[in-house]
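Based on the hints, put chains V and B in the right spot on chain F.
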Amino acid sequence: MRRVAIIGVGDTEFGELWDQSFRDMGIQAGLAAVADANISSEQIDALYVGNMSAGRFIEQEHIGALIADYTGLARDHIPATRIEAAGASGGLALRQGFMAVASGLHDIVVVGGAEKMTDVSDVESSVIQSSAADQEWETILGATFPALHALIARRHMHEFGTTREQMADVAVKNHKHGSLNPKAQFQREITRETVLGSPLVSSPLRVFDCAPSSDGAAAVVLCPLDMAKKFTEIPIEIIGSGQASDTLSLHDRKDVCSMAATKAAAKRAFEMANITTKDVDVAEVHDNFTISEILAIEDLGFFKKGEGGKATEAGLTGLQGEIAVNTSGGLKARGDPIGATGLAQAVEIVAQLRGKADKRQVKDASVGLAHNVGGTGGTAVVHLFRRA
Amino acid sequence: MKVGIVSYGAYIPRYRITPEEIGKVWGVDGKSMSKGLMINCKSVPSPDEDTITISVEAARNMMRRCGVSPKEIGALYVGSESHPYAVKPTGTIVAEAIEAAPHLTVADYEFACKAGTAAIQTCMGLVGSGMVKYGVAIGADTSQGAPGDALEFSASAGGAAFLIGSEKIIATIDNTYSFTTDTPDFWRREGQMYPRHGGRFTGEPAYFKHVLAGAKGLMERMKSTSKDYTYAVFHQPNGKFPSRVAKQLGFADAQIKSGLLAPMIGNTYSGAVPLGLAAILDEAKAGDRILAVAYGSGAGSDAFDITVTQEIESYARGKAPTVKELNTNLKFLDYATYAKFRGKILLGGE
Amino acid sequence: MATAPRYWRENPSRYNMVGIKCNSCGRHFFPPRAICPVCHRKSVGKIEITKLKGEGKIFSFTEVQEGLEELSLQRPYIVALVELTEGARVTGQIIDCEACDLTIGTPVRATLRKLSEEGPSGVIHYGYKFVPIKEKAP
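Chains as they are written, first to last, in our numbering: chain F, 1 to 388; chain V, 1 to 350; chain B, 1 to 138.
For the record, the hints were derived by calculation from the structure and aren't laboratory data. Since we're looking at a predicted model, the values are computed, not measured. Don't take each hint at face value.
[Stated by the list, open to error] Straight line, CA to CA, 25 Å or less: simulated BS3-like cross-link-like pairs of lysine-lysine:
1) V:Lys168 x V:Lys133
2) V:Lys324 x B:Lys134
3) F:Lys254 x B:Lys53
[Said to hold, decoys possible] Per the computed footprint, the stretches of chain F lying under chain B, defined by three or more beta-carbons under 8 Å from a beta-carbon of chain B, are:
4) 154-167
5) 198-205
6) 248-260
Ideal placement from N, C-alpha and C gives every residue a C-beta, glycine not left out.
So that you can see chain F by itself, here it is in the shape it has in the complex (with noise of 0.2 Å):
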């Protein structure tokens, strides 16, 4: 197996993006990733595209053939795919990517992620993000996708305590990184009063508990570790990458306060990194909503079972925590656009890696991680990088 190294990255703003479409996101933010590994297109071997829902956002399948063609790649004939595992499908195609290279397969490889969710109504949208959830025998039954992580939120509560401020203090945190990033879609400090003084969405979760709807596109560049130095003074490794699955049902799980497809996708990408939770500096987590940031934090082994909300109380996870979580802001506040989330995140540590993230960057960070879920953790891809 190679070595892989990311050489470019590149991403839009996340928000309601009304005069950008679908493709246009794309577009751009493959193109920055194209020109920040300083490569040109006709170099590129594959492209992998993570996307939910384009079907029912925007009415388009078939989004592999769609970027490479806006992107000029359509006379190259290179293979396009797209990937979809609901809220995973970025990190997951970040991994197909890694693969593919790694493999020997393919040298030069762009991994896209986007979506572009503002096109519907806020329904549609809510429903369309509800279909990451079992339709037959979660969401026909009511439990709609905040209804599901507030059924975890209030099991989490019950076993361990945890604190309805405890969570406020994941969405302040969030906010306060969110202020630091420019191309975060808040970038505006709040209290835990915020939170705690928003509208209830699904008890005990509130407005400010939820990722928002966004629009937005993210992609990074691969190629073998040891072709990295041609393009990049930096090159950024791959170290670790870990894919697991669970029940597609919140219900079926045995625990429904930890994921244990984060655990068995970071138990496998520790193991191929040969680290320990301990190495890591910085870690993009999926905070879709803030009781998902207290279960990632202690199912990626950063905190004990139960531990989370007080270590977000005490601050261990801010910039100069113990471990600094969600810098860019993470889902809650950088913004959540399905589909290019898990690219986002990396594109997020390589920024950290290459200490390159200005006000928010975190001191001396050499080691990252990046966790994807997917529904309500039905699938998580966990990756490790290093600075090469």
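For chains V and B alone, coordinates are given in the frame of chain F:
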């Protein structure tokens, strides 16, 4: 062959609204309306309830109380004037939900407010003739009253189910008699949301004439008098009509008290006499005799002479809620919520 | 918009909580599945279609304010994870009660209600919801 009731079950939604609350909206003196109609409050179905869910719950309560296998049910009839579909049966869903399908005959009845008792008569015939071992007869409604109409003060929701058979009968149906004419006192045309009625014409020439004729016809045939019955239950579009008709027939308040539910739940239409009968069976003892007279506008009446048997002593009444128990856990609605629940608010969108 | 057959084929489970029992390990699952996720190959030929009693306890619950459009008349509505007595867990609405009266562990029983309807002219879908079981005086 003796034919009778083997088991029964009832269901009433938990929501209630008072005539005062309705009157407040329409500028009507709800208090005197309540007094005049003898209705303190009426039941209201939740937005996720309809005649099908009410029928299923009543039928399941009926099955919980007896050891009969649903596969032994050979016929099932649901009587209602508020079947959720104009075309597509209610009974099939009920039959599936109590696992009686597919080896049985099923039909839906509509006969104003006496469709449920018509179903009982049909089952009596099928069981008596030996065509089926058990038949299920259900009367249930989620009746509608136009906003501001007098009916809105009474039209409510509920139902009851009866398992009719010839073995382990808790109450024998000694005889039944019907009195039928064409009397246009109440109707609803196909495609119309609310029924219309003949106002005071629904009284003397309609309700009273037919209920009296039904009761008298049956008692003549049975050579009985009001004194022979422990209980009597009459169709109850409100509390006043059945009380008056009982008096005219020589029944005392004590005889009709148990089966008179309209003051607590309003007019459950096809569910009215079935629910009243269920409430009586909740407390009846062996040997008690019951007169039940249903009335359906349009018009006709079905009268039944029923005798409770020894079987009632070992019958598992406690395995399902009694009508009294169903009349607990109540939640009173304001008119706005009631209007929302009953689809009386025009919603936007497609 | 959903079609009638998609709902119709699930009626046994939606109306009567028909699930399966794996006769290799004795575990129950809902809805039916072809293979036991615990026993894998050992369960082949040992999967038995079984009606679950529909009784259980609340494992977790939430009161949904921003819910499905189909349920907009019932907002806020309560959704729970219910642990059935047979061991399987299911998702469903809790009805005829107030959220403040519920706790994790509240006993519930399945009943049949309308789940949704495809507009005023479309098919109505029925299925299980749960009601709290009231303690009955002996």
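Check your understanding: Would the pair V:Lys324 and B:Lys134 pass a check requiring their Cα atoms to be no farther apart than 25 Å?
Key -> 14 Å, holds
Review point. Has the segment 198-205 of chain F got at least three residues whose CB is nearer than 8 Å to a CB belonging to chain B?
Key: Coverage by chain B holds here, the residue count being 7 at a Cβ distance below 8 Å.
Point to revise | Proposed proximity, B:Lys53 with F:Lys254 (alpha carbon, max 25 Å) | key: Holds, at about 21 Å.
Check your understanding: Does the alpha-carbon distance linking V:Lys168 and V:Lys133 stay inside the 25 Å limit?
Key -> Satisfied, since the Cα-Cα distance of roughly 12 Å is no more than 25 Å.
Check your understanding: Taking a Cβ-to-Cβ distance below 8 Å as contact, does the segment 154-167 of chain F have at least three residues touching chain B?
Key -> holds (count 3)
**Study point:** Coverage of the segment 248-260 of chain F by chain B, judged on three or more residues with CB within 8 Å
**Key:** holds (count 5)
Of the numbered hints stated above, none is contradicted by the structure.
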